[in-house]
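Novice: Take the given structure of chain A and dock chains B and C to it, following the hints.
Listed here are the chains, written in short residue letters.
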Amino acid sequence: MAHQVLHKGAHARYVVSFQKDKKGYEYVASEYLRLSGIYWGTTALMLLTTKKEEDKEKDNNNNPTTQFVDYTKGLSADEVVADVLECRNADGGFASAPGHDSHLLYTLSAVQVLCNYDRLHKELSEEQRRETAKWVASLQSEEDGSFKGDKWGEVDTRFSYCASSCLRLLGFGPELGDIIDVEKAVSFVLSCRNFDEGFGARPGDETHAGQVFCCVGALALLDALDRVDADRLAWWLCERQTEGGGLNGRPQKKQDVCYTWWVLSSLSMLGRLHWVDRTALVAFILSCQDPEEGGISDRPDDEVDVFHTFFGIAGLSLLKYPGLSEVNAKYAMPQRVIEKMGLA
Amino acid sequence: MHGQKRLTKEARYSQQRLEQRKRKAKLYAELSAACLERRREGRRDEESLALIAKLLEMNCELYTLWNFRKEHLEPILKLEGDDGNDEARAVEAAEKELALLEACLQRNPKSYCCWQHRKWVVELHTALPSSAHDASLLDREVGLCDLLLTADERNFHCWSYRRFVCSLHRGKEPESELDYTAEKIAQNFSNYSAWHYRSALLKECNKTTTLRDLEGGGDVAYKRVLPPHVLDEEFALVKEAFYTEPEDQSAWLYHAWLVGHVAETRTTEEVDERIGAEVATMEEVLEVEPGSKWPQLCLARLLSMPTSREDKGRAKELYSALAGEDPKRAGYYRDAMAALDR
Amino acid sequence: MSSEREEERVRLLHEPAADEGGEVEPKGHQTCDVVVVGTGLAESLTAASLARRGVKVLHLEPGETYGGLTWATRKLKDVLRDLQTIEVTEGEGVAEEETASDAKARFSFRRSGSVSGVRPEVSDRVGKVDGNKVSLAGDLAADIESIQFDLVCAPKLCLGAGDLIEALVASDAHRYLEFKAVQSTSMWASGGEEADSEPRSFMVPASRSDIFKSKDLTPVEKRLLMRYLKSEQDAIAAEESSGPGPAPPAAAAGDVTMEEYLRDTHKLPEKLRLIVMHGIADLDDLGGKAPSAAEGRERLVKYAKSINRFGPGVGALLACNYGGGELTQAFCRLAAVHGATYVLKYPPRSVEVIEGDEGGHRYEVGIPGAAPIRCKAVVVGPEARLCCASSQAEPNEAGRIFRCACVAIQDSPAKGGSIRLHVFPPNTVAGNSCTIRALCVEGNALNTCANENLVVIYMSCRAAPGCGDPKAQLVGALSRLACLQELDGSPGLDLPDLPMALLCLYYTQEAPEPAVIGGESRIVHLGGPDASLGFRDTVRAATGCVSQLYPEHGNLFAEAEGKDEALEDSEDEAETSYLERVLQSVSQTKIDGEALEG
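Residue numbers (the numbering used here), protein chains in the order written: chain A, 8 to 351; chain B, 294 to 635; chain C, 151 to 748.
Treat each hint with caution, since some may be false.
Cross-link-like lysine-lysine pairs, in silico, PhoX-like; alpha carbons within 25 Å at most [to be verified]:
id, chain 1, residue 1, chain 2, residue 2
1, A, Lys261, B, Lys586
2, C, Lys380, A, Lys260
3, A, Lys327, B, Lys621
4, A, Lys260, B, Lys621
5, A, Lys80, A, Lys327
6, B, Lys586, C, Lys380
7, A, Lys327, A, Lys347
8, A, Lys27, B, Lys298
Hints are computed from structural coordinates only; laboratory data are not their basis.
Pulled out of the complex, with its shape left as it was, chain A reads as follows (with noise of 0.2 Å):
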């Protein structure tokens, strides 16, 4: 388990495979969350894809490649995008697979795998996209600033976070206001806000490392970061990390892969990404892999699946792991798709 290396090809694979093979159980009965796996999968390759110029990856004996591989490539970017578009519906929001109801969750994969391809404004016309921020916002409570998920009322921290992102995806900067009540968002999120200084799915719900992650985003987000104490909470969320090197969501459970994204992309929203061990985190995420079919798991021997391997990966790539294209944290999507489309 010494000295393992990221396996990327493998993942890459992997990750190509699962998208390809659209008879398999795993995608068949995945369909209620598939818009997601689009997005968690050609993230993740773009993240195993580095600029030419960029390209210091290293091969076992430690020598840079001179390899440069398109790994994006796996995967025709014309076939995903019209994967995403039939996923849209007439009310502007997205569903997770043709058929299905629009859904936060699924209509931010949308945009983001729309702007990660570079194809939002492309292949929504203005209208189509007034139309999806108009859904959004319409989810937007005015009693109390939450966003619910869809039109039949699920509360959660993890909606504003989407609603944030998605409407900044589209194009909402200074005239977020204009759609939103950004105040009542950000108290509202402030709202789920514990005794140990993280953050609950509502108020009064308990800490966890997937909801701190939502709550801190939306509020770096919404411009209101300096509404935390960042000291006492990236203190519980440092605390995350146990024996074993990979991080945990809440007190006393198992490490797990996907909290090495929600709490490392935390940390670094909040400028303690250096109070975490980094060689033993990503030893841990390392030993997760699946060496020769791809994949990255929960735990070391575990099934593997699309969203550790997404998570894993994006993990790597905050602790400057050699070889991965730099993620920006707020957004979960490729740096250099941010900073290009003027976000960062």
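Specialist: Relative to chain A, chains B and C alone:
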């Protein structure tokens, strides 16, 4: 795929498994297509609903199908539309839906969809005019939570649902929930979920706040002040936990909050007295468990506070020792040490 | 069980013969592999283990009930009657002894009075005592005499991860049984420095949760106890994971006693040592034979593994629902399922060593009025004894246990009853030289008493040499748990809420050690219930007996095999067939629908 063991190559690619999975995928796709087709056509007959229930029992994350059921149930539970004002029918439909959800939750107790759908049904169910049986309905929901929290004491979906049910339940005082957290903590004081709930309930049970905060409005609940006798009890409780096992973080995180709360809400003399007592406690724990991380960290923080016990030099020593003993968080300890000079 | 089994029973014997006289000389003989005499727990375990492996077992019970006198759960009136009978037989000497024609090769059975010295005390409210004869009268007496009131002679508790539970699980006999958790263990300790200060009780904190909750330990004591228990668990976990690798801490390996080990190596103060040794590890200091550290640690770890094994808050100790007698029946039933033959009320008379026949049968067991049974081995329980007139064929000298069973009444019973354990370490109450254990069963907690106001208190301790009679040893402790005023007029102690004792039986139980008899390696004597709380030694005695007779058998019961991969497959399989069924129902209704439309 949380917690599912990776298959060996031989097992994964065995002819038998591949064929089995292929067949399963085909059948699943067929059933899923049949359900979505009925949803598209808006076929809200009993048969379609039963079919959809069958698929949901196998895969309860299909939110679109739950939505379809909501569309079907909404007029019935709200006693609206052509279906008329048939309350008995509404109760029966709600009960049937709750039974389906219970089966789904037993299988997948962490499904966002199912918990949300259950909330939706229960909210409409309790809003029916025959609210006479509200208490028993909500008691039953609390009972379901008891059951699932016995199976998994950290299921945050279930804790959240419990809070939701209690908020609907007029007969349920926060005090009885506070007792419940005490019971769960007594069973296992590493149950951070219970400590968390306790922290929120304490403020609910003691609705005192300062005039200044009341005037300021905003997030008053966040600023509520716990009275001294409550703080005494909580400090005593948490002390039992960290003496029993000083490595347990739940109690220490709770303790950190209590200390912070005292510092924020009490007079200088009171703060001084409390911090003095806590410093003595930490010294005692460290006498029994020298080199233990949490009491050292706690002591370092107590000594960094502006009280008569302030001792930045000792605090620095402690942080420096911690950086060596707990290298994963060395960065944090170094920053904490540096902050003492500011 | 008896009636059901009665019908299935193979009629191995002729018409039941009278116990004595009128002996018919039966023709020919029957054969089996092993004759087991007595249906006590060790005998039943042995019979089940052998039968499950295909050994042909004939299991004879001299008495009327499975379990015999010492293991069975019986009606109070039967207990009272039996206890009186025993007194009589003991007084008059046992059944006549065979005069052996060839003493070396012939052993004879004697009914053993495994219980003796019964001393009943009864409150005027429920009846009176005349010598050993108890006559009950009145409403309460009707309750305790009713069919719904059961007693056991030697109550015991199972450790959740103990040897007996493992045997039950491995053998599948657990499906015949139900268990209830013991709510608490209380420990009595002398009040303080002054020798004559009143002893007081406190909950034994055995788990992390108990220690956290304990009101009787100071914070520092909590830390010391928790740290010690955790260090043992860690050490054992390390030993288990690394196999036979590094030796346990040096102090535990040598001849150090548990007391020294706790005091010197772990620096535990006296109070915590008492808790560990008597409250948790169930160790009893007997006549200077102090338990070793190795023994103590082993028991401690078993206890730790038992805590919450069957769910959160269940604790380490379990009691058998419907009384401990169910245990012997479960194993008898298991043996019967695997072909063992059962005959009750057949006391065998003798065992004769014969020339081995073709099947290797070396012994002939004589039964009055029935054909002799030829077998390859004989196993004898404690209520029958085999002896040989001319040689030292007696089993090892019996240990003795002082016991009492006390029925008391209380005004405000807890709903659903309770099962609680009290431990009195040596010298906590006047005159107790050995550890006393008291099991209090309130109301119908074990489905043995329909009256929820009644409490049964069972007490026991080892009878060390020269320590008087059962009452002298036990009464001090008993008076802490029940008011004895109505029994013997003793002024009640000033303790609140004590139940009032109505009836109490003090008695002595013989506990012979297992032994091989008369140099015949295939005649084995098993012991009765021992003084300990658990079943460890009983299970070990049975294991020892089986490996004596069939060394190749290894474990008492073979362990179940794991099937992880199979489970994964079966989930796919189950879900596929679920989908099939659902889809089939769709096409079915479609066809039906079309038919209707058409």
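Novice: Run every hint past the structure and note whether it holds.
Specialist: Evaluated hints:
no., hint, verdict
1, A:Lys261 with B:Lys586, "holds (20 Å)"
2, C:Lys380 with A:Lys260, "holds (20 Å)"
3, A:Lys327 with B:Lys621, "holds (17 Å)"
4, A:Lys260 with B:Lys621, "holds (17 Å)"
5, A:Lys80 with A:Lys327, "holds (23 Å)"
6, B:Lys586 with C:Lys380, "holds (18 Å)"
7, A:Lys327 with A:Lys347, "holds (21 Å)"
8, A:Lys27 with B:Lys298, "holds (24 Å)"
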